[in-house]
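2 protein chains.
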Amino acid sequence: MSHYPESVQILIDRFATFPGIGKKTAQRLALHVLMAKSEEATQFAKAIMDVKAHIVFCSVCGSITEEDPCHICMDPKRIQDVICIVENPADIFTFERTNNFRGRYHVLGGVLSPLDGVGPEDLNIDKLLNRVSEGMEVVLATNPSVEGDTTSLYLSRLLKEKNVKVSRLARGLPVGSDLEYTDIATLTRALEGRTEL
Amino acid sequence: MSHYPESVQILIDRFATFPGIGKKTAQRLALHVLMAKSEEATQFAKAIMDVKAHIVFCSVCGSITEEDPCHICMDPKRIQDVICIVENPADIFTFERTNNFRGRYHVLGGVLSPLDGVGPEDLNIDKLLNRVSEGMEVVLATNPSVEGDTTSLYLSRLLKEKNVKVSRLARGLPVGSDLEYTDIATLTRALEGRTEL
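Top to bottom, those sequences are chains C and V.
Numbering-wise, my numbering puts 287 at position 122 of the first sequence, and it's gapless, one number per residue.
Numbering-wise, my numbering puts 226 at position 61 of the second sequence, and it's gapless, one number per residue.
Think of the hints as simulated: they come from the structure by calculation, not from any bench.
Just so we're clear, the structure is a prediction, and the values are computed from it rather than from any experiment.
You may find that some hints are simply not true.
Put simply, identical chains are the same to the list, so a pair is met inside one copy or across any two.
Unchecked claim - Restricting the straight-line Cα-Cα distance to at most 25 Å, the calculated cross-link-like pairs of lysine to any residue (SDA-like) are:
1) K189 - H236
2) K189 - N265
3) K327 - I290
4) K189 - A206
5) K202 - Q192
With the rest of the complex left out, here is chain C (with noise of 0.2 Å):
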């Protein structure tokens, strides 16, 4: 059997191991670097190395920035005494998007997940009990999983100590969805959390 040339080989190993990328995608991707031209593989090795060299993680928030406290962080129009919780970076740009969101963020940089070894102590968990004070609002912004609502659970208990008023995201039906389409657990949940009109 005749292989690809290792410099290749080892350049669709590495693409492999990336989230969702399969062994075929992963040669595709590789072929797409051997094809394209010089300068763009070097931007783009530039543009890896360059990520890694420029974002850090915000002290305060854990969120990835160039500067350090982010920008959310740092901005005085930012609600002070409201703190979203998620998951990852990734979640809190995806709120910004909605534009409907003034308070500030804190990512705790996964979920408690006994089964991966993932427990309170791998979470940045005691930066946000340094963050919040009595009075503040913490809005838990977990996934919508057995995880995500676990780590919600706990982090509500640790919350609720503090006097802190602790809320979740609504689960319901997702706007433009089918009713007919909608899974059991999904419907369950709008049912209990139907809102007068």
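Model the placement of chain V on the given structure of chain C, informed by the hints.
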């Protein structure tokens, strides 16, 4: 609206230029690089540069290789007078996995596609015509698409002028498929090309 830090956005944009990678996947890949260990990112960037530095195109067949000519063209055990014509280097590695073809290859580097401005002069055809001589066999293994078929037809005319035996890959039912779900075009070809038992 808040944006990703500039260096992250640049990397996202780079990933988004890859075939089959949309905006969301590009974000996911870029954030994976960001979260990876520094040494992993360095090795990834190095793998990209290595590929561009070490890989050349075989001067005989046009495949990708670290040594020119490539090891298939240099292999004395390979049948000299059978050449399989493929669109891209990746197709060679797919053929080699069958362990069933003992001839050599020739890479076109694409297919004729007037709409995309790709004409015969853009393909690796001159070298092919120099390689073939009377009595040889050429297997046309372009993709079973409109462009692939057009390219094969074009080549077969040129090659027949050189008294070369020209064949192309069989069209028919893929192994393991289900007749009920086979498209009409494939079934028509399978019927036309039926073989006696």
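- prompt: Checking K202 and Q192: alpha-carbon separation at most 25 Å within a copy, between copies, both or neither?
  reply: This pair counts as both: shortest intra-copy Cα distance 18 Å, inter-copy 23 Å.
task: Can you give me the call for K189 and N265, within, between, both or neither, at a CA distance of at most 25 Å?
output: between (40 Å within a copy, 21 Å between copies)
query: For K189 vs A206, is the C-alpha pair at or below 25 Å within one copy, between two copies, both, or neither?
result: both (20 Å within a copy, 21 Å between copies)
field: Intra- versus inter-subunit Cα pairing at 25 Å for K327 with I290
entry: Intra 14 Å, inter 75 Å, cutoff 25 Å: intra-copy only.
query: Given identical chains, is K189 near H236, meaning Cα to Cα at most 25 Å, within a copy, between copies, both, or neither?
result: Only across copies: K189 and H236 sit 23 Å apart there, 40 Å inside one copy, limit 25 Å.
In summary, the structure agrees with every hint in the numbered list given earlier.
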